[in-house]
Structure formats: structure tokens, C-alpha cells
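Respectively, the protein sequence lines represent chains A and B. Using the working numbering, read the first sequence as starting at -14 and increasing by one per residue. Using the working numbering, read the second sequence as starting at 17 and increasing by one per residue.
For the record, the hints were derived by calculation from the structure and aren't laboratory data. Glycine included, each C-beta is placed from N, C-alpha and C at the ideal position. Hints should not be assumed to be uniformly reliable.
Calculated Cβ distances over 10 Å to all of chain B for the following chain A residues [what the hints assert, rightly or not]:
1) H(-8)
2) R(-3)
3) E56
To give a feel for the contact side, a few chain A residues facing chain B, derived at Cβ under 10 Å [unchecked claim]:
4) F6
5) K10
6) D15
7) V49
8) Y65
9) G95
10) L121
11) F136
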Amino acid sequence: MEGVSLHHLAARIQSQFPEGFIKAKEWRGDLAVTVRREHLHEVCRFLHDDPAMDFDYMVHVSSVDWPDEEERFEVVYEVYSIRKRHRIRVKARVPEHDCEVDSMTDIWRGAEFMEREVFDMMGIRFRQHPDLRRILMPDEYHEGYPLRKDFPVQGKGWRDTFEFLNEGVG
Amino acid sequence: MAKLEDQRSTIYKVDPEHPETDTLPVLRTEELLLNMGPQHPSTHGVLKIILELEGERIVKSTPVMGFLHRGVEKLAEDGTYHQFIPHTDRLDYVCAMYNNFAYCRAVEKLMDMTVPERAEYLRTIVAEIQRIIGHLFWLGTQALDIGAMTVFFYTFRDREILLDWFDELCGARLTTSWYRIGGVERDFTPSLEDKIRRFLDYLPPKIEEYVIFLENNRIWLARTRGVAVISAEDAISFGLSGPTLRGSGVDYDLRKYDSYGAYPKCEFSVPVGKNGDTYDRYWIRIEEMYESIKIIRQCLDQIPKEGPIMADVPSVTLPPKDRVFTNLESMIQQFKLFSEGFDAPPGEIYCGTEAHKGELGFYIVSTGGGKPYRLKIRAPSFIHMGAFDHMARGYMIADAITIFGTYDIVMGECDR
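Extracted from the complex, chain B is given alone in its bound form:
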């Protein structure tokens, strides 16, 4: 008992100005530094955050990044444009297809190339499938991180179906490298189109089911509504993009306003939130999945049944594989493109693409020759981390997980 009294006296101390009244003790407070990560299971990779705490409230947070830094931008300067495509898979390894797409678009802008119509549709369909995969993955892990486990199993079941198609399409589930500069590597297999159509009917009821799981879960609602609020003005100032920006009510979607691929030929809307909290960003991602289904369906209806899938610019694009093995010129061409690369004109471009996390951009400086002189990747995850401290202040420790979950952060892209 005496020991307990001692403890009490260290926690409560008498107000020095009114020593006679010890009925209202002043609580002795102390700031606490807490290292979260780098190997915390919810950090989606290796991210460390130093939290300054007052009780359970975050006073200040300092993200420490770079644990997954592989020097991708430096490596890009040492290889040809084609050789960089597999590196882009490893940026955001959850959504490799969209990284390929963003990079190939940037190089096509540099080379001033157009892509055949069928290839544009194929690219758009696969990119939207990738967006659905990304959002399913995000939904599952975000729910898992903040205490709703069930959804995780279901979203991963559906994601698996889609990944199997990627396997069928290009032989890899995650590190796909299916996009090529000027087109795509190979066409759909004959059965794939039917499978996609069937899946488009299968998915919407499933999404409704996940929404029911979450909207009836009081923990989910309590941990997303009004958590990590960011105003539209701040969100713009921090350079946020994708659902993280649209959640704050800013209508900014490159698919719509800087359109590319087959998006200009499709009708879809851009869901925009109101409150700028985690719940709104969740709602946007759910709505975006429905929009993606719409886009894929329109693309499947409009796509030309036949046609080339690679631009016919022999100085840049790879010759068809079957010709490489039988035709001498094609083999020489293939060899030259991979050893020397193609001759890019001197100049510089920036090309941004709306990946499912936000604006994924490539800034390429060329001085001519087969290798980029400088290649800068505008990674949405990295830029979103810049707003972390602003969004975390005043919330509880457990909300820190919600916040980087709500960015849909992947450290491979953040650290590059």
C-alpha cells in the first residue's frame, strides 16, 4: 500500500501557488518519443515514424524514409529506355501495370509517337483492371490495419482472380512489364475478353457486400469518420493527388483533364468527396471501382477486333517476336535496340499519369542517344508523406496507421 502512495505522489503534485488546496491535483506531464517502425506490419514496407506524444495524442511526427531506396533514378541513367521498364515494376510493386503505363507514356511523349488504336484500348482495359486490383488491395489492408479483418480475405480472393489473368497475359502476377514503348507486348488470349466480361458482372455485388461489412462496423466508422482531415487548400498546397486530394473536394483527375489512352472515348465520372477525412477517401475508392467497371465495359464494346498492337516505328519499337527468330533484319534490330537503344531527340518532357494512388509522373531529360540523361520519378507516395505531420497532429497513436493507410502508401515507390 505504501508503494502505491509513493507512485501517486510522483504522478500528482501539489499546485505550488496554492499548496493548501490539494483537492485538484495538477497532472505531471511529460512528452514521450516513440519510434514507430521501420518493421511495423502496418507500414506497408519499411517506414519509420518518430512520434512526439502527449499522452496518446500526437504532437509532432517525423517520417524517416529511405529504407527501401535502391537508386532507381541513378540506374535509369545507365540503361536504355527499354531496359528501364522492368525497374518501373518495382516502384509500386502492388500496381506494376500502371507504372509501366506511366513510363511508356512519358517516353512516347519524348519520342512524339502515337500508339495504334487497339493497343490504346488494351492498355486502358489493363490499367483499369490494375486500378481495381489496387483499390481491392487497399480496401483489404486498410480494413485489416484498423481492425476489420473479414474484408481482407474477400478482397484478396477477388484480387487473386485478376492477378491470374495478368499471369495469363504476360506470365507474371506482380512484376508484369507488359507495356512497351509504342504499344503492348502481346495481345489478349482468346478467352480473356469473355472472362473479363463475366468478372464485370461478378464484381459489383461483391463490392456492395464489402461496403455492407464496413458500413455496419462501428469500429470502422469510428476510426475513419473525421480522422486525418485535410482541407482542400492544404491538400493542394502539399501537392497531394489521386483519391487523397479528391477526398478533400478537389476535382483533379488527369484521366479527365489531361486525357490519354482510350479515356477520352469513355464516359465516366470523377467521384469527389466533401469532408476530406479518411471515410471520404474510402468512399471515393469504392466509387472509383464502379467507374473502372464502366470504363472497362465501354472499352470492350468499342475496341477494334483486329489491328496492330505495336506502333510501326522500326527505329524505336521492338520487332514482333516471331520475326526475330526467323528474319535476320529483325534480329539485328532487336539486338541494336537492346544494346544501344534508340536515338531520342534532345529535350525534356514531363508526363503525369493518374495511377490509382495519385499522379505518377516521369520527368525525362534527354541529350540525344539511347539513354536518358536524367529521369525523375514523381512518386505520389513520397509526396503524400510530406503531408503526414500536418495530418497526424492532434490524433491518437493508432490513427497514425489510418493515415498512411489512407494514402495507400507503398514504400517501393516512396523511396525509389
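One chain only, chain A, in its complex shape:
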């Protein structure tokens, strides 16, 4: 991004968190800021509390798996300001061996279910989450996390053990 002027929101985050800020990218009108995961909670707290930022609305929490990269997972928070009408995407990288970030449930209450879904689908743990359980998959599901890239689309065989599905087959 050298030589290109930063979006004013990104510049503000950079000046506030010089150590935490990694990069900002604007593409198709969407602003995405990548921060270090140790600073993720502080950055989000700042985005929510600062009057010029005022990001009071959590749009979605998502996660992306990049199996070939050193820090494998990416946690994505997309937030919006109802009063200021601007939006930003905050991302942080998480390595596989220490798959944990701070939960945002104390900032946006809606994050509770959205983070549970990320945990369920990608296996990223959220510290200080009040109720970190699987949400879409059954509680007793033990085959791993379905949205990881090494998880086959057809599943890992648990489904084939259901007798009622295989009745009359073969």
C-alpha cells in the first residue's frame, strides 16, 4: 500500500495502534484492516467506543482457512455504524497450534451466536466466550470442523452409520 493514501478510518487505527496494525486494503468499496490478533480486542473496543468511529452494529463474524500459510486461519469481523453509516472489516490471523482469539461478546452481544458458529465450523476458540459450544452441528459430533479445507465435502463417514439412511440401499 506504499504511496497510496490510507482510508481515513484505517489511518486512524494505524496511529492509535502502531504495533497492532498490519495492513489496510480497499477493494470494490470495502475497507478491510488486518491487525495482530493480540490487539484485535483492543481495536474492536476502540472501534465501538470512539465517537468518531462509533461502530455499534456487528454485521457478521466469519473465518477463512488458508492451509498453506503459516498462520492458517483468518477471523473476520465486519462492523457497521448505524449513525455514521460507514463500515469496516477487521481481520486477524490465527495459527493452527494456538487457535484462539479474544471473544467480542462483551462489545457486541450479537457476537455470541456468530462466534459460536465460527467455532463450530472452523474450530477457532474464543477466549471469555460465555457459552462456546457447537451450534449447527450436533454436540456429539467428533469428526472435526466442516469448513476447514481438509474436510471432504462428502463428510468423513459419520453419516453412513445412520441406519435409517441406508435402508434399502445395496
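Keeping the supplied structure of chain A fixed, place chain B upon it in accordance with the hints.
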């Protein structure tokens, strides 16, 4: 008689500190766990809620979801962008058109495409018809769930008329797949425009009738006024959207503030509630139907009579069907688009659309090539369920039904 006395003694026990005064007995209480669902007829799909009760009051509720989880986000990574359109029908199966619209808009944002003007109007008209269908459906089922059956029959009668047009338009009533990336699949039939115009005159008196049915129904009023109240601050914090958020007095409508389609060219207002209760959310949906009628009417007046309905970007959009059967290049193009897909640029976008339930968004990560690397669906029903416990505490068991009714929840979208 002796048996009745025994029962009484288990229910009432003497206050241990004042054993001599048993005139004011202390009621022995016990918390009760109640499983509601997954096959409760009012859960609009399969949703289970574990209710912790004190008498008939809800102390805590825990939604258990995922009974309808089909792994749609995983399937998206395995198919091309075009192939995902039919999957979106099955998210919110009550309002397939709007899901198609939201998804196609997201891919168009990724591809940086613009849609021809006539197509934009057609899309907006159909999306608003879909919104009316969704609200009629919601009105009927919500009233049915909480004890006002009559409205259900009337709203479904009107909904049926509209669904027949979808049938005429694309050959399917519910799983439509009519929107395409860069336009729409086919144009209106010659008679459709007149039919829509006539319907726009027909509907408002009918809505007034439904309102009379409900507003004169004391049960309806008692079960909606002051039930499931959520403050504006909490509603924002929970990420609620659509009528559920606007009912609490928050003016947030993507059609207005992040405008798309033909909405910027139409005049309409965004109804906003005051009290944040079920009644206000009902009132908003009624008003939104009137606004939708306004939007459709303006679109029909403004729409260019002729023009393409598909963007002319041969590397992305599908060739016209009549050419596919007669022209070799078009056939090759069609085949390539469906087997390999088009080459999307690497990058990531989020695109939210105001569906009738709330903000339906798609977050797409592309690394190039014909398939999305990651596709995340921001489903309003799922996020609304996050606020369920907060909204249900302190209300009666029967109000639990009102609450997920007031979200207009559809489990296909919630569980994906």
C-alpha cells in the same frame, strides 16, 4: 379427601421461622425444564428451545439449532458461481427471489458489473412482490400461531395469486432461480404487467381488511402489545435487522442507505416503530406492504419498454437461450460457464441486501478461478435467534411462539 390433604401438604409448607403461623403458607417452587420443539408446528421448521420455567414464566431459554443444517457454505466452495444460485432458493424457501437477488448482487460486486436498466427495474419489481409475499405469509402464520386463524386463509389466498405469477415468470412457485449474475433469466410475459397493475389496486383494501380483523381482536392485541420488547440499544448490539430492528425505532434500511437496484429512483419511506414490541413490528410490516406497492407502481411507470435484460459481459453472463441452440460459439460459451465457471478476480467483498426478514448478506472470498474460495451467508434468522433468550426472559411460555414469529424466522436460512 385424605388424599387431597396429602397433596396440599406437599404444595404448602409451613414457614420454618414461624411454625406457629401457618395462615400464610410459603409456596414450594421448583424450576421446570421444558423442551419446545423440534417438531412444534409453530417453529416454522425444526427448532428446539429448552425453556427453564418458573411456573409459566420463562427464566432462561436456550435455542438448539442445526436440525436443518445442510452445509450450504461448504457446497458453495465446490461449485461455480452460477451453480450456487439454486442453493440460495433453499435458504429462505419462503422468499427465494430475494435470496437470488442478494447473491447475484454480491457476485456482481465481486465482478464489478453493472446490470442493464430494464433488468434493474424487473429485479426491483419482483423483489418487492416477493417482499409482499413474505409479509403476507408472515402475517398469516403469525396470526395463526397466536390464535387468530381467519387472517391466515385470506393472506394465503392473496399470496397464491402472486405465486402463480412467479410460476408464469420462471416456471416455479417457490424455488425460483430467476435472477442471474448480470441480469435476469427471462423477461415478463406480455400479460404480466397488466396483472400486476390490477393487483396493486386490489391489494390495499384487502390489507385494510386484515388490519380490521386483527385490530378488533382483543386476543391479538393482548398477545402483541408489550410482548417481546427490545430496546433500540440492545437491538443494535444484537445485530438485529429488518423490521425487527426498525420496530425498536432504529432507522436502518439498506434499500435507502446503501441503495441498489432501482430503489434510488423510487420514492418511498421507511416505517420505524417506537416501542420495540411485537405490535410495532407487525405495524411496520403492514406499512411496508403499502410502501412496496408504491415502489412497484413507480417502477412500472419508469421501466424502459425495451432493452436488454442481461449485461453484455460474455466472459461472465450466460448467452441468450435461443442462441445456445443455434450458434456454436454460444453453446461453447454456455458449456464453459457451467463446467469451469468464469474467472473471478482475487479479492473479498461483502454485500448486504435488505430482504424482508432483515439484512441478508454474502461475504465472498475469491482467489481467482471459477469457484468461490469461501462463501459466508449472513442470515438474518440466525442472528435474530441470538437475541431470543434476551427477549424471552420474563414472558410466558406461549409468548415464546410470538417471539420467533415476530422474527419471521425460517429455519432453512437459520441453519443453512
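Checked hints:
Remark: the non-interface label on H(-8)(A) is consistent with the geometry, its nearest Cβ contact in chain B lying 16 Å away (cut-off 10 Å). With a closest Cβ-Cβ approach of about 21 Å to chain B, R(-3)(A) is found to remain outside the 10 Å limit, as its non-interface label requires. For E56(A), the non-interface assignment is confirmed: its Cβ lies about 16 Å from the closest Cβ of chain B, beyond the 10 Å cut-off. Taken as an interface hint, F6(A) does not check out: its beta carbon lies about 19 Å from the nearest beta carbon of chain B, beyond 10 Å.
Contact between K10(A) and chain B, as hinted, is supported at the beta carbon level, the nearest pair being about 9 Å apart and thus within 10 Å. A least Cβ separation of about 6 Å between D15(A) and chain B falls short of the 10 Å threshold, and the interface hint therefore holds. Using the Cβ-Cβ criterion of 10 Å, the hint placing V49(A) at the interface with chain B is satisfied: the shortest such distance is roughly 5 Å. Taken as an interface hint, Y65(A) checks out: its beta carbon lies about 9 Å from the nearest beta carbon of chain B, inside 10 Å.
Hint status for G95(A): holds, given a least beta-carbon distance of 3 Å to chain B, under 10 Å. With 10 Å as the threshold, the beta carbon of L121(A) comes within range of chain B, its nearest partner Cβ sitting at about 4 Å, so the hint holds. For F136(A), the suggested interface contact is upheld, since its CB lies about 8 Å from the closest CB of chain B, less than 10 Å.
In this structure, the one hint that does not hold is number 4.
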